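Protein chains in written order, with the working numbering: chain A, 4 to 527; chain B, 294 to 596; chain C, 62 to 385.
Since the hints were derived computationally from the structure, they do not count as laboratory data.
One or more of the hints may lead you astray.
Reference excerpt, derived from the structure (chain B facing chain C, CB under 8 Å, subset only) [to be verified]: (1) P440; (2) C493; (3) I576.
Fair warning: this is a prediction, and the values are worked out from it, not measured in the lab.
Every residue gets a Cβ at the ideal spot worked out from N, C-alpha and C, and that includes glycine.
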Amino acid sequence: MAWNRCVFALLGALSLAAPASAQNLNMAVGAPVTSIDPHFHQLSPNNAVAGMIFDRLINTDAQSRMVPGLAESWTAVSPEVWEFRLRRGVRFHNGNEFTAEDVVFTFQRVPNVPNSPSSFAAFVRPIRNVEVVDSHTLRITTSGPYPLLPQDLTNIYILDRETHQGATTEDFNAGRAAIGTGPYRMISHRMGDRIEFERNDNYFGERPAFARVNYRMITNDSARTAALLAGDVEFVDQVPTADLTRLRGDARFAMSETVGLRLIFLGLDHMRAEVSPFVTDNEGRPLAQNPLRDLRVRRALSMAIDRAAITSRVMEGAATPSGQFLPPGVFSAIPEFPAPRHDPEQARRLLAEAGFPQGFRVTLHGPNDRYPNDGRVIQAIGQMWTRLGVRTTVEALPWTSFIARANRQEFSTHLLGWGSNPDGSHPLRSIIATPDRERGWGAANRGRYSNREIDGRLDAAMRELDNSRREQMLIEAQRMAFEDVAIIPLYIQTNVWAMRQHLRHDARVDESTRAQDIRPAAAR
Amino acid sequence: MSDVTLAEPAAVKEETPFRRFVSEFMASRIAVGGLLVFTIIALLAIFAPWITPQNPYDLAQLDIMDGRLEPGAVGGSGITHWLGTDDQGRDMLSGIIYGLRISLTVGVGSALIACLVGASLGLLAAYAGGRTDSVIMRLVDLQLSFPTILAALMILAFLGKGITNVVIALVIVEWAYYARTVRGSALVERRREYIEAAQCLALPTSRILFRHLLPNCLPPLIVVGTIQIARAIALEATLSFLGLGVPITEPSLGLLIANGYEYMLSGKYWISFYPGIALLVTIVSINLMGDHLRDVLNPRLKK
Amino acid sequence: MTAYLLRRISQSFLVLIAMSIIVFVGVYAVGDPVEILISPDADQMERERAIQALGLDLPLWEQYAIFVWRALQGDLGRSFVYNEPALQLILQKMPATLELAFGSMFISVLIGLPLGMYAGLKPDSLGSKAIMAGSILGFSLPTFWVGLMLIMVFAVQLGWLPSTGRGDTAYFLGLQWSFLTGNGLSHLLMPAINLALFKISLVIRLTRSGVRETMLMDYVKFARAKGLSPARVTYVHVFKNILIPVVTVVGLELGSTIAFSVVTESVFAWPGMGKLIIDSINVLDRPVIVAYLMIIVVMFITINLIVDLLYSALDPRVRLEGKA
């Protein structure tokens with residue numbers, strides 16, 4: 004026993020041998036970064052790391068608002084032509100100067116990255132022509148008026164024509180091509196384990212606080228919290244809701260949080276007029292008519308959900324009940340539009356009016372490894388619906404099999420999340436609009452909701468360059484969708500980070516975790 | 294206890310192997326203790342609906358407002374939750390008793406079926422040798438090298454979620470262990486004189502396999518068997534941890550532990566701790582019986 | 062002997078083919094990699110492009126034929142997720158898993174064998190009862206749970222060991238190993254113990270039952286009757302005999318330790334093959350899953366072959382079929 008203790012103590016001393024310095028930052032993220040190539044895989048953890056190494060023409064601030072990046076200004080000079088004035092004197096990590104040619108090169112590379120499982124091509128597809136006016140001025144012509152061009156370009160990280168000509172994804176991963184204009188340069192990379200960064204002292208923007216960053220990936224939630232508690236890392240993201248109370252109550256730690264842009268909602272089967280696969284009567288026989296096509300039933304199901312109970316009990320406060328895609332205050336959020344009231348009485352009346360005084364049975368599907376507490380939330384909704392008289396079976400599936408089935412419209416009701424851009428057209432186009440391959444609409448409309456009036460308004464908004472008029476159109480379209488209960492909105496997640504007391508962090512609504520957003524508390 | 298064993302021989306006119314086995318088994322206090330505990334657990338599991346204060350699988354009886362109550366707290370429905378509640382407001386005591394049911398079905402069921410399949414194939418492989426042996430053993434190689442989790446994921450993708458399907462998945466994953474073990478010892482045994490003698494008597498193969506070879510391979514089989522029951526229960530817990538096990542609204546002990554796992558760091562220990570204790574007691578009782586059973590059944594330990 | 066080896070090797074090829082077919086069909090049944098990998102806001106055109114880019118637009122048999130053709134040329138395909146050769150990805154991660162597996166095997170034999178011998182030689186003592194009771198703990202508690210408890214006690218509460226990850230590494234034989242540095246070793250200890258728990262119990266039990274049986278064998282009785290010292294009887298006669306089942310199981314378990322280190326690796330954020338395979342399963346990265354299983358199967362077959370050869374070397378009663 005004593006022998007054991009000696010060995011442990013010795014090993015412990017060894018592990019503590021490297022002291023944390025004020026210049027170094029050890030941080031851990033929950034989602035693995037799969038590629039350093041900023042155009043290979045459109046995935047939030049990859050985008051976050053790209054945001055440390057590279058820059059975009061238009062960067063986004065913590066609130067996801069557009070701010071000048073490599074472009075100092077941008078204006079629509081005619082409905083189809085945009086002029087971008089680029090920043091002068093910016094250099095890549097290897098000393099090459101940034102010019103307009105690099106942007107042209109980047110736009111050409113984006114749709115042509117081999118083997119990409121999810122490319123950024125859609126963001127440059129509206130671009131018909133790019134004209135280099137001079138070394139730091141560009142004119143971009145779109146096919147038809149396209150107000151979302153600046154928003155789309157906040158996704159495209161700019162590469163260097165000389166350095167990245169012919170660079171492969173492997174070159175980026177190995178570090179040879181991981182050369183950008185961003186605040187950090189990558190010095191080493193162990194796939195799926197850790198990335199080490201060094202500060203770029205010539206960065207054109209605000210100088211980051213830490214000279215060296217050790218960016219680790221710890222995917223297991225409890226292990227990540229434990230690493231913070233044990234002092235192995237000083238900063239973690241995606242704090243599990245189960246640990247919020249403990250961390251909040253511990254003076255050694257500080258939290259940073261913000262209401263995000265991710266709505267958790269229930270999708271409903273609008274496609275089948277007759278038998279919906281997971282809806283039956285109380286004896287288990289299929290119902291001849293799909294009750295989910297009846298607005299009264301949809302409203303009843305929505306009203307029966309006690310959103311406040313879910314956000315306070317299941318999510319432990321890390322969510323806000325919502326009746327729409329966007330949180331209040333964001334561009335094109337519907338003003339004065341609270342979450343549906345919890346009213347079981349009214350819900351029962353609506354159900355009876357719709358011809359179901361005794362209710363019916365339904366199976367609610369959802370993932371159990373995708374969103375925080377997803378499996379728990381569907382169980383809680385199962386409780387509430389069952390109490391309403393809609394006997395609910397809850398089936399939680401791993402995301403791998405869940406999403407394939409959801410995309411085949413196999414479910415009657417299902418839980419999903421949607422992380423929006425701060426622009427109502429984004430969720431409307433994907434989730435609410437009638438599926439249309441040519442326009443790229445309704446690609447995530449898994450309930451096959453279809454409403455021509457909403458489509459019309461969205462179409463008009465997509466051509467409107469005047470932002471305030473566009474906002475009004477988007478608000479109207481969203482209001483129609485939620486009054487018709489196209490989907491049942493539940494809550495918007497709060498993004499939470501935890502850190503040692505001596506650190507501060509600018510919480511980002513887009514959920515990305517980057518070292519330049521962290522600084523010592525004293526430096527404030 | 295000793296009275297019974299003393300009284301036994303008088304009552305027994307003819308000593309059958311079974312009677313001898315029972316009396317030998319009963320001679321160990323520890324084994325009888327294990328049997329007693331296991332019987333109580335099994336009875337609890339069987340009569341769960343009549344003894345629990347709540348049906349933890351009925352969503353209508355749960356209320357998230359009663360979620361994560363401490364042991365001894367009284368919930369909104371007036372039930373005292375002696376072991377607390379989980380995140381859904383499920384009474385832990387009821388959840389554990391119901392969970393025992395599922396864990397035992399899954400663990401014992403899958404271990405027995407896997408043992409039956411695996412031991413038969415292992416015996417056959419060792420006895421027949423040649424091509425049969427090669428085919429079976431390469432199947433074993435294939436099975437043992439296939440990561441359990443991937444196998445289970447695929448099987449559950451084919452079959453869907455459900456307790457029966459978890460059992461099937463575990464059988465497919467576990468049979469190879471039995472086959473490999475039985476073959477190992479059978480290879481040694483089949484060279485022995487008594488097998489040769491049986492062969493000379495031209496006894497049917499099945500009789501040689503199951504009456505002569507099998508009993509002599511039993512000791513290692515029981516070691517593996519008792520371990521595999523425990524392993525099956527723990528594996529089911531791991532599958533649940535990865536979201537592949539039993540349905541979340543009908544948690545087994547393993548799923549209860551996996552569910553409470555996330556709350557361990559925040560001090561809400563009871564969600565994971567009590568199901569863990571129940572699991573431990575169950576497995577310990579099975580092993581106490583198994584250990585002794587092995588000694589009783591082992592012909593080579595007879596003095 | 063040669064004929065026997067040749068036959069085993071040709072059989073192994075059949076196993077490899079069977080395995081690859083199972084994986085292709087299995088992954089196909091579980092879901093569509095593109096659905097999982099693609100950005101949620103991708104439109105229909107982007108989806109079609111991705112399906113084509115990954116070669117998933119072809120019929121399954123054609124995808125399989127392409128795989129076999131390339132595999133024969135030594136190319137097991139590129140990861141959908143990382144766009145790197147699957148084989149290279151796995152080999153990069155292999156040292157981490159190997160040292161974890163060997164570390165845990167080492168611990169399990171180091172602890173299991175002496176304890177098992179003791180429990181077998183003195184079956185009725187209090188100490189051996191305690192050992193047997195303790196060994197039950199080893200396989201009744203789920204690995205992920207024990208892992209977290211270890212982290213809570215030794216990293217969070219006591220601060221003796223680092224909680225997760227792989228520490229500093231040093232180069233040896235051109236590969237990075239962490240057991241060569243003090244910091245690396247301190248990171249290795251907890252996951253290795255976590256992975257070893259089950260095997261310690263197994264070794265204890267096998268050794269104990271082996272010792273107990275052997276002690277009653279005629280040749281042991283005879284050796285004792287001959288007046289050999291108890292130490293010689295124990296360490297030479299008994300020890301040799303119980304090695305067979307222990308060698309089998311340790312050999313078998315080495316393979317399964319490597320194959321099943323998945324849970325330990327994900328709890329301890331250990332960047333090995335197990336972590337890679339579970340991440341790959343979660344996103345249905347088929348090339349990596351197939352390549353990983355190919356490697357594991359080859360490893361298993363080799364281990365089993367070695368165990369069988371050792372068997373015949375250690376126990377003359379077992380004859381290899383090739384000779385019989």
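Going through the earlier hints one by one, which of them does the structure break, listed in rising order?
-> 2
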